[in-house]
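Visitor: Working from the sequences, and respecting the hints, build out all of it.
Mature numbering (1 follows the signal peptide of the UniProt record, and there is no 0) puts the sequence shown at residues -26 to -1, 1 to 900.
In case anyone wonders, no lab produced these hints; they're calculated from the structure. Even glycine gets a Cβ: it sits at the ideal position worked out from N, Cα and C. Honestly, I wouldn't trust all of these hints.
Unchecked claim - DEER-style ranges, computed between Cβ atoms: (1) N186 - D363: 44 to 54 Å; (2) A50 - D706: 45 to 55 Å; (3) K229 - P750: 36 to 46 Å.
Stated by the list, open to error - Cut-off 27 Å, straight-line C-alpha distance, at most; resulting in silico cross-link-like pairs (DSS-like, lysine-lysine): (4) K854 - K834; (5) K755 - K638; (6) K835 - K811; (7) K869 - K797; (8) K150 - K449; (9) K638 - K150; (10) K834 - K887; (11) K54 - K88; (12) K95 - K327; (13) K869 - K841; (14) K78 - K447; (15) K78 - K327; (16) K88 - K70.
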Amino acid sequence: MPAIPEMRFSLVLGTLLCLLMNNVASVDRNNFRTCDQTSFCRRCRGVAPGASPYQLQLDTLQATASSVSAELVNTAMNVKFVFQLYSLSDNTFRMKVNELSPLKPRHEVQFVLKGEPDYVKLEVIEKSSEKAVVRSGTNKVEIFANPFRVDVYRGSELVISTNARGLMRFEHLRTKPAPKPETPEGEQAAPEAPASAVVDDTENDPGSWEENYKSHHDSKPNGPTAVAMDFTFPGAEQAYGVPLHADYLALRNTKGIDPYRLFNLDVFEYELENGMSIYGAIPVLYAHGLRQTAGVFWLNSAETWIDVAKPDGENVVSSLVNLVSGSGQEPQVDTHFMSESGIIDVFFLLGPKPIDAFKQYTALTGTAPLPPFFSLGYHQCRWNYNDEDDVRAVALGFDEHDIPMDVMWLDIEHTDGKKYFTWDPIKFAHPTEMVQNLTAMGRKLVTIVDPHIKRDPGYFLHRDAEANGYYVKTKDGNDYEGWCWPGSVSYLDFFDPAVRDYYSDRYLLENYAGSTLDLHIWNDMNEPSVFNGPEVTMFKDNVHYGGLEHRDIHNMYGFMQTMSTYEGLQRRSQGTLRPFILTRSFFAGSQRFTAMWTGDNFADWNHMKMSVPMCLTMAISGFSNCGADVGGFFRNPDAELFTRWYQLGAFLPFYRAHSILESKRREPWLFDPETTSHVRQAIRRRYNYLSLWYTLFFEHTRFGTPVIRPLFAQYPDDKNVFAVDNEFLVGDALLVHPVVVAGTTEVPVYFPGDNERWYEIETFQVFRGRSSASVPVDMSKIPVYQRGGTIVSRLERVRRSSALMHNDPYTIVVALDDNGYAKGTLYIDDGETYKYKSNEYLYIQLEFSNGSLKAKLIDKKAHYASKAWIERIVILGLNKELSSEPAIESKSVGKQTLKYSNDDSWNVIVVRKPGVSVTEEWTLTL
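Guide: What follows is the structure, given as structure tokens:
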């Protein structure tokens, strides 16, 4: 493909941006396929429910210590497969189906699991010609032979039924059939066989062996290779997961509409409230009902579609599973996973509670490593800051307006002609000095590094990649060329270990001129985005290292880039410093390397509203470090929307403002003084709770619990919250209800929990659980409440950046329940290194009961020499007068009485200057 003249290409992009800014353009659905326009989805979705042609040959059943296997036959086509079932620890099973003797090895996903799963004992307890029953601990699996079906039980409860509706499909590899001879003119063609007699419907699908979409052609050298399976969840009422979609938390019924699609794409101006693909794909789905939560993790990196049928819609042949479970008309969720290639490789997550299922998933794909402390602060970005003076002025502006900020960001214009790992020689001529100036203020810099490489013979990275064969290849073996921001580009093949090694080394300080250890990375456009490609991405018949087709691994391309980036940033510091990376594209397991954001949203109330369910869905899918562009990427927010977005963003894990090149400048002080004051207050509130965010991320890293949570995760037996996504929890302590409608003066807040106490975080007004209240709101804040029974640590001395707060004292807020009890945790370390892995940290349990607050070190072998101390203790809900002054006791201070104050009702007691170090255990007695 010839290179695009740079001037012409810039004009094209400029025109596109103008259209976007003037709201002339919108997502062109004609650029993106539907299921009906996708041959494999059309075939898989066309399978009629009923008796399945797949039969298990139980006389071939073989058992090992942790697995069973047997031959599986498609009796309609006489094709043999191998079925395997494994038992894993922690209420999890794994099922695999592959061809017994394929023409060539089918793709099996690598890199995604954090390591080899923990397989445990599995024993065969029953076997006949009709079924086999295996047991692992208290769980069992019934495997039926004819038709093939797998029923998974937690204890005696049926939680997942596989192929109960007979929708399984496994298209085996085969040689391409010879073209049918043309019928001589005047002669009648033989009549087509009736549908019931069709053995292989791929012969009747013109897209089976090659497929066209618009002007693009897919040669499909391996022909039809789709795999599909249905999963039914008896007793379930809602389904969740399979991000990323700009849709609500509870998945909708897809009958009569397109299934949810997982195919990583760069979609300009993505629409809301539908299952269209956007930037990332995580094929994990949970189903929840009053009795239990269960899930499936479909380990497949090819394009995937998922149908969902829920109780509030018509279930397809629901009686089949009702007969299996013996449950009559109980609710159930039916799902159908359909992928273009690969094998069937699925994990069954048996819960029984939502948090249990979430942890079972992260046990497989990993948790986020503990992020550096600074990354939890506020980030300032736009496309693009003009030059070094602009960066300096913006950073100083935050100080002048008394607004904390931790990170400045630079988009693609900071480079020399959009060549990554370079700097514009005029605008950014002194990058090291620029970064050091930020570092002196306690701040960091993030620069963008995209995977497309400008085809410029003067660019070192292109020369190296071309000379060493590092680019993704076309089906004909040539370097693939596409269009992206630099013009003509090629794409690094991160599936090649030599490419990953080379790419990781580009981040070394000696290779990335101008970088320092305080520069971190943003990997964008890594779906991969190809402006002139099919559906704005790469051809599926492109070829990667080892002969992999792009169709097999498309959804993992961004995963592989961020894995390489993570390795590079670790090498840069010899493994001593924690990297921060942001990605737009991701797959299952990407949380081990990077944070993500919801992509190019609008300055629009509905886009702000949708960021909550999008990030909640990410969090329950193992990826807690999620945020949205505060203020909206496209268009320009008014002062009200701007304020409300900052207030919401302060309670999502990743907190960054970002906007498009042509947008108005919108640093927080550029609106009126009142708006600046409200935004300042919102950002400072974020810094008040940095210790809570840091503790929650540590607990996510250690235990796999989501940092933010939908209400059903904490209250699984409250049907009122099953579909709630306009409020959410931070950990189990804070309830947040953002304001997402213009002109709002009051919001209806639902307080979950059986008569639990909820304390407004500023006024400490008490609300009761399992009730709703209409809460007045002004522009100064959004409704946030601390749950009774929790203890939260706060940092009240907000400074210009989090680095300057490292040794600041803590305020402990104790919110008592009706029994006068509360508990919480606090985690502290150096905030930047891996020394915590060598026990250099503090993990503190705080517990209030019987009138005493005790601080104990949870991990006794761990220690960190923090200079921080306890400055204030606030006790909410004691509701009785103290008979004497509080006393605190520790080894260093002995026993001392303390001053305190209280309100008239004794609902709020403030104990002043306890003065004890966070490094020691202590007891406060009231």
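Visitor: Run the distance test for K854 versus K834: straight-line Cα separation, threshold 27 Å.
Guide: violated (35 Å)
Visitor: Holds or violated: K835 and K811, Cα atoms, limit 27 Å.
Guide: holds (12 Å)
Visitor: Between K54 and K88, is the straight-line Cα distance small enough, at 27 Å or below?
Guide: Violated, because 31 Å separates the two Cα atoms, which is more than 27 Å.
Visitor: When you check the alpha-carbon spacing of K88 and K70, does it fall within 27 Å?
Guide: Since the Cα atoms of K88 and K70 sit roughly 18 Å apart, the hinted pair holds (cutoff 27 Å).
Visitor: Are the Cα atoms of K78 and K327 separated by 27 Å or less?
Guide: violated (41 Å)
Visitor: Is the Cα-Cα distance between K834 and K887 27 Å or less?
Guide: Roughly 26 Å between the alpha carbons, so the hint for K834 and K887 holds.
Visitor: Does K447 sit within 27 Å of K78, going by the straight-line distance between their CA atoms?
Guide: Holds, at roughly 20 Å.
Visitor: Could you grab the alpha-carbon distance between K95 and K327 and see if it respects the 27 Å cut-off?
Guide: Status holds; Cα separation ~23 Å.
Visitor: CA of K869 to CA of K797, is that 27 Å or under?
Guide: holds (23 Å)
Visitor: Mind checking the hinted window 45 to 55 Å against the Cβ distance between A50 and D706?
Guide: holds (51 Å)
Visitor: Are K638 and K150 close enough, with their CA atoms no more than 27 Å apart?
Guide: violated (56 Å)
Visitor: Per the hint of 44 to 54 Å, is the separation of the Cβ atoms of N186 and D363 within bounds?
Guide: Given a distance of about 51 Å, which is inside 44 to 54 Å, the answer is holds.
In summary, the structure is inconsistent with hints 4, 9, 11, 15 from the numbered list given earlier, while agreeing with the others.
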